[in-house]
Each structure stands twice: as C-alpha cells, then as structure tokens.
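Given the structure of chain A, go ahead and fit chain B onto it with the hints provided.
From first to last, the protein sequence lines are chains A and B. So the first sequence is residues 1 to 246, counted in full-length UniProt numbering. So the second sequence is residues 1 to 246, counted in full-length UniProt numbering.
Just to be clear, a hint being listed does not mean it is correct.
Same chains, same names: a pair is fine if it fits in one copy or spans any two.
Capping the alpha-carbon separation at 30 Å, the derived lysine-lysine pairs in DSSO-like fashion look like this [unchecked claim]:
no.: 1; residue 1: Lys56; residue 2: Lys21
no.: 2; residue 1: Lys88; residue 2: Lys245
no.: 3; residue 1: Lys228; residue 2: Lys245
no.: 4; residue 1: Lys88; residue 2: Lys207
no.: 5; residue 1: Lys188; residue 2: Lys21
It should be emphasised that the hints constitute simulated quantities derived from the structure, not laboratory data.
2 protein chains.
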Amino acid sequence: MNETLQTLLNHRSIRAFTDEKVTDEQIFAIIEAAQMASTSSYMQAYTIMGVTDEDKKAQLARITGQDYVQHNAHLFIFCADLYRHQQKATKEQKDNMLANLENTEHLLVSSIDAALAAQNAAIAAESMGLGMCFIGSIRNNIQQVDSLLSLPSHVIPLFGMVIGYPEKQPEQKPRLSREGIYFENEYKQDQTTELEAFDDTIREYYKHRSQNNRKDSWTEQMLRRFQKPMRMDVSEFVQSKGFNKR
Amino acid sequence: MNETLQTLLNHRSIRAFTDEKVTDEQIFAIIEAAQMASTSSYMQAYTIMGVTDEDKKAQLARITGQDYVQHNAHLFIFCADLYRHQQKATKEQKDNMLANLENTEHLLVSSIDAALAAQNAAIAAESMGLGMCFIGSIRNNIQQVDSLLSLPSHVIPLFGMVIGYPEKQPEQKPRLSREGIYFENEYKQDQTTELEAFDDTIREYYKHRSQNNRKDSWTEQMLRRFQKPMRMDVSEFVQSKGFNKR
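So here's chain A without its partners, still in its complex pose (with noise of 0.2 Å):
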C-alpha cells in the first residue's frame, strides 16, 4: 500500500495537541494543497481563513463549546465565496449575476469547492505528522461567526479546522461496510441487513473503547440526534447573506 493511502486510512480526528507549534511553511504548505483540489469550472468558490487572534479564538471556543478551538496550532474557517467573481463586475453585470448568486446550484457549487479545498488541507496536514479536527460547531451561532470575521455578503462560514501535534492518537471509529454506503447502478433501498451489521460494530466499539464508554449504536445515536430540531437558523443566516434564496 502506497504512503498516501496509509495516510487516508489512518485518520481520526484530534482534539487534544501538544504546544508544538506549526510553522509558517506548513501552513503555507496546507493552504497552497487545498488549492490544488479541483474546483468546479475554475470557480474557486471558497476563502480559507486563519484565525491567530486569541480573542477572536476564545469567541470561536465559546461559539462552539470546544476548548481545543482555542488550543491549537492553527485554526481555519473555510468559507463559500461568491464575492471575488463580482469584484469587477459593473452595475449591470452584477444584476445579471444574481439569479446564480442566489440559486441552490451555487449554494452547493461553492460549499463543494470549499469542502474539497478543506480534505486536501486534512491530508495535507495529516501527512506531515499533524493531526486535524473538522469543526462544524460553528454553525451553532453563524451569524456571530460571519460578524466576527467580517464576512462580506456572498461569503459564508461552513465549517472550522484546527490543526497541531497530536497529543495521543485515538482509536479509529468504524464506518459503515462498504456494502452500506456503495451501491452498483441503482440505490439499495433496504439497508436493514448493513445497518444491523454496523449497529453490533459499534456497540463493541462503544462498549470497548478506552474512554467514554456507553451502549450505543449508530443508528439509535442518529434517531436521537435528529429528534430535536438543529441550527434552524442557518437558513435565515444562508439567505441574508445572498445565497438559496431562488
């Protein structure tokens, strides 16, 4: 097996670094990766930001009620952006533009650049011995994160990564068999036998793991999760800005 595939197989998220610092050539290293990911018709749809301001840090750990947001190497937030194609456009270019700017189509255009930019970042990073978290949690309070980094409109804030040493290597969580998530030419509809299969995997995994032991299973965490209605704000929030609203 190649190295590249060990690293793609090794991941785990980190949540916990040393004080080991990153330098300045391993971010540059980490961004210029993500920008080599593909982008869809060239568009470079997304802004990586990094944020080094501890006071801006410890708003983003209280956003997210994550600690290691503030304790980490590096932070990014990576962003849709629509906002640099219209740097030039004229008043009446700009009308024109909207209809895109506005649609579904390039909600998920611009999230699915930024998304791409942000795996290679991940293996990027993970490739160098760092470790990586995603950080989703900053949603939780969008609009407090788009003020905070002064986000013009057709710029949005998806997700937060950190990055740094590991400071100990967790167990790997299992995923789905490939069976439960590949399917040839149409859709498998029943995925009770999968699902089964996966629920008795986790339940060992849960029961074993060396910390934050519980019995659980994948889809009893997901029927619970999704019980209780979650960052129902992020439309209003996803419209202000100027994308989804046509």
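Same frame as chain A, but now just chain B:
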C-alpha cells in the same frame, strides 16, 4: 516534500483515459479511503453510486455532454444521503426528524460529507497513478440522473467522478495566489491587486498552453459565466427530494 504532498500538488483533471482497466481491489481501496474522511457528527450522510451499466453510462454522457463520462475505467456518482438515518425510525420519530431533514443546515452537512469523501477518493485514485475528473454537469439534468439511479427521497446526486489511466498529463491549471484566497482574522474586501496579478498569469496560461489557446482572463471568464442563469431547476429539484425546504 513527502509523497502525499507531491500527489496533492500534482493534481490535474484527466478527461481522456487509456483502455487499461482498474481492478476491483483498486475500486475498493478508493471507496475505503473515501469512507475514512471525516464525517459531521458521525452522520456518514452520503452514498457513493458506481455506474457500470453501459446504457446508463451512455445516458449520463448525453446529460453531461461529456464523452469521457462513458469512456473511463470507472464512474462514481456522489450523493447527499439522509435516507439511511430514517430506515429504522417509527412514524413518530420520522415526523420529529423532518425539521432537520428539511433545513439548510442538513443540506450543507450532507453535501460537505459527500465532498470530503469524494476528495479522499480523488487522492486515493491519484496516489495509485490513476487520473480523475469531477463531473458537475450531472446537474445539467439532475432530475434525470436521480431517476436513472432510482434515488429515494432524501438522497440527491451531487456530482460524478470518472477515473482511469491518463492518456496524457495536461498542463496544470494555475490557482489564485495564496494572498488571494487566504486571509487572517478579517476578510479582505478589496482583492483588486490579487485578481489583477492572477489575471496576468491566466492570460499567459491561455496564450501559451498546448491546446485550446485563447485570449482570456479569469475575471472575464467568471463574469461571462455568471451572466446567464444556470441550473435554476436545481433549487426546486432539491426541495422535491425533501431537502432545503425550510
């Protein structure tokens, strides 16, 4: 520079493949790598479809207008998926899930999950000497692609990916400078300098590249691209599948 960074930085989209086949082991390694990407709150909110049926591939080539969608060693379609999470829900639980299933937050969660997995798949393929290209143009007729793959409600096709052995290595396409895409602590609203520098680079690139030479800049290309409303039906389609309704 490590082997993985080299792979990441060496990316170019491949749109023409030799007749050499890929093995099942290669496909499975690509899927396994995809699955090891981070996933929001363990949701694994995506499905990977493999299209091997020649008739379906031909239909997809027609929809996308790209013959390499038919002529490749393997074709994947990455889908956002919030279907499997409901598989074991009671009627009451399903009703309670609906607010989450239908909000913009979970359109983002599932699209980002799918994109993270897809980028791992891309890197895995490239690490094995394969070439790949994302296929956003399945959204030219997203409804038809949806029917072709028999996707149930709460599953939508987002983009395809073709892989195979590259017929040749095209030139690499330049990216915005780091200063054009990465900002610290505060968004940089005036990007004129970065965009003008990038436009100079792109003019040279289009003038001198070995095929399809033209006189063009990135800014002009983007302005043209955004003038005409594109894929306006994606909004309604996404809602018809139970996503992004509130």
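Consistency of the hints with the structure:
In this assembly of identical chains, the alpha carbons of lysine 56 and lysine 21 lie at most 30 Å apart only when taken from the same copy (19 Å versus 51 Å across copies). Only within a single protomer do lysine 88 and lysine 245 lie at most 30 Å apart by alpha-carbon distance; the minimum there is 23 Å, versus 33 Å between protomers. Taking the shortest alpha-carbon separations for lysine 228 and lysine 245, both the intra-copy value of 25 Å and the inter-copy value of 17 Å come in at or below 30 Å. In this assembly of identical chains, lysine 88 and lysine 207 lie within 30 Å of each other by CA distance solely across copies; the values are 22 Å between and 58 Å within a copy.
For the identical chains of this complex, lysine 188 and lysine 21 are inter-copy neighbours only, at 26 Å across copies versus 47 Å inside a copy, given an alpha-carbon limit of 30 Å.
In this structure, every one of the numbered hints holds.
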